[in-house]
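Asks: Fit chain B to the known structure of chain A by using the hints.
What follows is the residue order along each chain.
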Amino acid sequence: MSLLESLRFTKGDSPLHRMDPRVKFIMTMIIFTLSILFFDLIPLMVVFVFQIPIVIYGHIWKEWLKSLKGGAVLAVIIFTTNLLSFYFFQGMHLTGGMVEYSLSLTMRFLSLITSFSLFFLTTSPDKLSLALEKAKIPFEFNFAFITAIRFVPVLAEEAQTIMDAQRSRGLELDKGAFLSRIRKYIPILLPLIINSIRRSLELAEAMESRAFGATKNRTNLYELKMTKSDYLALIIIIGALIVSLYARFYLSPFPKVISGTLLI
Amino acid sequence: MGTVNVEGLWYTYPNVAEPALKDINLRIKSGEFILLTGPSGCGKTTFCRCLNGLIPHFYNGEIKGDIRVDGLSTKEHPTYELAKHVGLIFQNPDNQIFSLTVEKDVAFGLENLGEPKDKMVKEIEWAIDRVGITPLRERGTHELSGGQKQRLTIASVLAMHPSIIVMDEPTAYLDPVGAEKIFGVLHTLNKEQGITIILIEHRMDLAVKHCNRIIVFNKGQVINDGSPRDVFTADETRVIGVGVPRMVELGRKLRQNGIDINIPLDFTEAFNALAPFFKECTPSTTKEILPGLNDVVGEYGYSPIIQLENISYTYFTGVDALKGVTLDINRGEYVAIMGENGAGKTTMVKHFNGLLRPKEGKIIVDGEDIAKQSVAAISRKVGLVFQNPDDQLFAEDVEEEISFALRNFGYGEDVIRERVNWALNLLDLENYRKSSPFILSGGERKRVALASVLAWNPDILILDEPTVGQDYGQKERLKHFLLQLRTQGKTVVIVTHDVEFVAESQPRIVLMSQGKIVVDGAAKNIMTDEKTLKVCSVAPPEVTKLFSRLDKFGFPSDVLDVDEAIDLITRRMKRAKT
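Chain order of the listed sequences is A and B.
Take the working numbering: the final residue in the first sequence is number 486, and no numbers are missing along the way.
Take the working numbering: the final residue in the second sequence is number 1148, and no numbers are missing along the way.
Don't read these hints as lab results, they were simulated from the structure.
No residue lacks a Cβ here, since even glycine has one placed at the ideal position from N, Cα and C.
Incorrect hints may appear among the rest.
Unchecked claim - Quick list of simulated restraints, FRET-style, between CB atoms: (1) B:Val889 with A:Asp396: 20 to 28 Å; (2) A:Ile359 with B:Gly710: 17 to 25 Å; (3) A:Leu412 with B:Asp984: 22 to 30 Å; (4) A:Thr303 with B:Val889: 33 to 41 Å; (5) B:Leu1053 with A:Leu290: 57 to 65 Å; (6) A:Gly398 with B:Ser882: 30 to 38 Å; (7) B:Val889 with A:Lys450: 38 to 46 Å; (8) B:Asn782 with A:Asp396: 55 to 63 Å; (9) A:Val374 with B:Asp984: 43 to 51 Å; (10) B:Lys689 with A:Val374: 27 to 35 Å; (11) B:Val691 with A:Val465: 37 to 45 Å; (12) B:Thr758 with A:Ser418: 32 to 40 Å; (13) A:Arg405 with B:Asp1137: 54 to 62 Å; (14) B:Trp992 with A:Ser418: 33 to 41 Å.
Stated by the list, open to error - No farther apart than 27 Å at their CA atoms in a straight line, the calculated lysine-lysine pairs in the DSS-like style are these: (15) A:Lys284 with A:Lys233; (16) A:Lys397 with B:Lys929; (17) A:Lys349 with B:Lys689.
Said to hold, decoys possible - Sample of chain B residues lacking proximity to chain A, with all beta carbon distances greater than 12 Å (derived): (18) Phe603; (19) Lys645; (20) Ala843; (21) Phe1051; (22) Asp1137.
Just chain A, same shape as in the assembly (with noise of 0.2 Å):
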């Protein structure tokens, strides 16, 4: 859980977090493109490295760190896994070619974590919802989504207090069987059920009062421009992608970094 907390938009101000989320969003997707593209160490070092300028760009390095934190369990277990099944469906015997693919793996898991640190570290969800509505998303449907994302902080502790008020009352969720455990779930699941529904009908009545669905031509108060800077930064990363492509499958095979002798 703490990846995904340690992935929640913080506010900042960095040129990283005034780039246009339509920009941000294609550069997040060519990082995870080639992330994927890849499968020797090597130029799995460079896309990975390649992204920290930016974070630093972004003023975030901070929060990167904490979420590099939050998947150094995964990424553990992704090497270990790997190195493991290779040894044990190989025939007992390990590689540095085997440690070197294994490597790789972790290193893409790391890249693909930074992409991602890098769009929702510093895109605000009012961003994103304007980007999605120039993508001619309809508002309801961005509505839902920016609700959702609002609402988030209230259930978690509209759930937690009726968790505690249970509990006050003798509730002990964490005795007997696997099946009356889940019944005893009910005593929380039902008033957390019960007031959504009574929530949604209090939300509903206050979009209407505030005259939602008065006109078809929705203004938003945030607009999207693509700056000078924008442009630039977008023709940075696509000539960055037509490298790398071209890196991908002329210059392939690349070198190994640990050489393929037998380990053990």
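Replies: Coordinates of chain B only, in the frame set by chain A:
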């Protein structure tokens, strides 16, 4: 602009037999500040929903009669058109904030109306300035305090330039100082912008000085309508049990005793009326020394039942909610915990039954360290009733609801039946035994929640905000009920913002601010200490405010309760005559 005309309005909700509104006829003029009141379920909220066309457009049901807002019929015009004329604000701010930042939320209505961007920016700046949240403009809405959220909801409707603002109990969840701020904002909007204000409120003592007209609802009808003075002294109002401001009560009773000071609405008016009767004299230096805490709790011989030793608690978000709290609560004591929103009151009481475990410090309940005990085990002694009954009611009928805890504690069927009957009886719920808790009214649900905890007869009862959303009659019943529990030797702890409730039942008060206990003592000592109260966002009760000014006429300044006040003034007057 800002007018409402209602003629012969009847309304029945779908699938309900009894009409919710019966023959309402009202004329509201531009620039009025109106207080709507009446016992819960009297139809005031339904009436508000009629004002911007939620009824009949959103709710359907059967509507008869005519209602015109700024001359527009609410039947013919859809709610989004009426939204430009009537800003309707609901009780719970959380359910009417849609956006993630303050300015975006204020823009929501304008965006819906399709306003151009530069106009929106201007309106937003104006609206947030009017309600005083300009510095919060770029803040995330989830970071705001309750009072700030409520002010944001006002700004959000204000941005659409309504000529009428309708608010349904905006201050229910706020501390007294936060509530005063909301009333202040409404007051300026009314005076400076000429906006008609229609307000539903149970906190009469605070609201009354701003309004110039009160409309009383009962059972779907308007039973009284007029100036505050007339309405509060009318018999119809008194009979149905609408809360009357303490100063009105004072003036009325004094008049019965032959002392006419007219009917004051707040303490300044009362003071100005009373002052001419008395000669100024230097405050008596030989003022009787107030009994200390020792004397107050003396009869229980200091046997602590809950002991907190220097406890601290930090939420996972990094907020230090409690910073070294030490507190002893004695057997049979009645304690009120007060302080600003976010002072750590609820966090503290959640430690009493082990829901939260202190990061540092020790908690002893009934002589035993509870660190190793389960919540269920501690709860047998410490019953905790939460603020909102909707956070716990789930069973098919009231009987099941009350027996839930008894089953968890493993009582036998015979005992359960007996305890359920006892609890139903005690809280006057016998008639609802087989009703679903979800169809009951708010006040009844609150009583079911209380019964479901009382059923296992815990020695210590903790109530979080028991008076929120309760009308005058329900509060009175609760007050008597708590006194009754005390006579049975129960220890009762309440967490509350309700100063007047505290003033009348006079418990020991623990005042908290920013995770610490600021002061702890008898109600009389604490409620008269205006400076300390202010630190904790609590305002003294009206009676106390009056007597702190009457001090210079030789009156004691530590008077909390209207009856005591009347007694003191009457005796003084009689002495002066002889």
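Asks: Take a look at whether the Cβ-Cβ distance between B:Leu1053 and A:Leu290 falls inside 57 to 65 Å.
Replies: Taking Cβ atoms as reference, B:Leu1053 and A:Leu290 lie about 60 Å apart, which means the hint holds.
Asks: Please check whether B:Val889 and A:Asp396 have a Cβ separation lying inside 20 to 28 Å.
Replies: holds (26 Å)
Asks: Is 32 to 40 Å right for how far apart the beta carbons of B:Thr758 and A:Ser418 are?
Replies: 37 Å Cβ-Cβ, so the 32 to 40 Å window holds.
Asks: Is the Cα-Cα distance between A:Lys284 and A:Lys233 27 Å or less?
Replies: Holds - the C-alpha atoms of A:Lys233 and A:Lys284 are around 13 Å apart, at most 27 Å.
Asks: Hey, does B:Phe603 actually stay past 12 Å from chain A on C-beta?
Replies: holds (20 Å)
Asks: Looking only at beta-carbon atoms, does the pair B:Val691, A:Val465 fall within the given range of 37 to 45 Å?
Replies: Because 43 Å falls inside the window, the suggested range holds.
Asks: Kindly confirm whether 33 to 41 Å is satisfied by the beta carbon distance between B:Trp992 and A:Ser418.
Replies: holds (34 Å)
Asks: Using the C-beta atoms of A:Leu412 and B:Asp984, is the stated range 22 to 30 Å upheld?
Replies: holds (28 Å)
Asks: That 17 to 25 Å hint for A:Ile359 and B:Gly710 (C-beta), does it hold up?
Replies: Holds - the Cβ-Cβ distance for A:Ile359 and B:Gly710, about 24 Å, lies within 17 to 25 Å.
Asks: Holds or violated: A:Lys397 and B:Lys929, Cα atoms, limit 27 Å.
Replies: holds (25 Å)
Asks: Per the stated criterion, does the least C-beta distance between B:Asp1137 and chain A lie above 12 Å, as a non-interface residue requires?
Replies: holds (41 Å)
Asks: Does B:Lys645 sit more than 12 Å from chain A, CB to CB?
Replies: Non-interface label stands for B:Lys645: nearest chain A Cβ at 15 Å, farther than 12 Å.
When the structure is compared with the earlier hints, no violation turns up for any of them.
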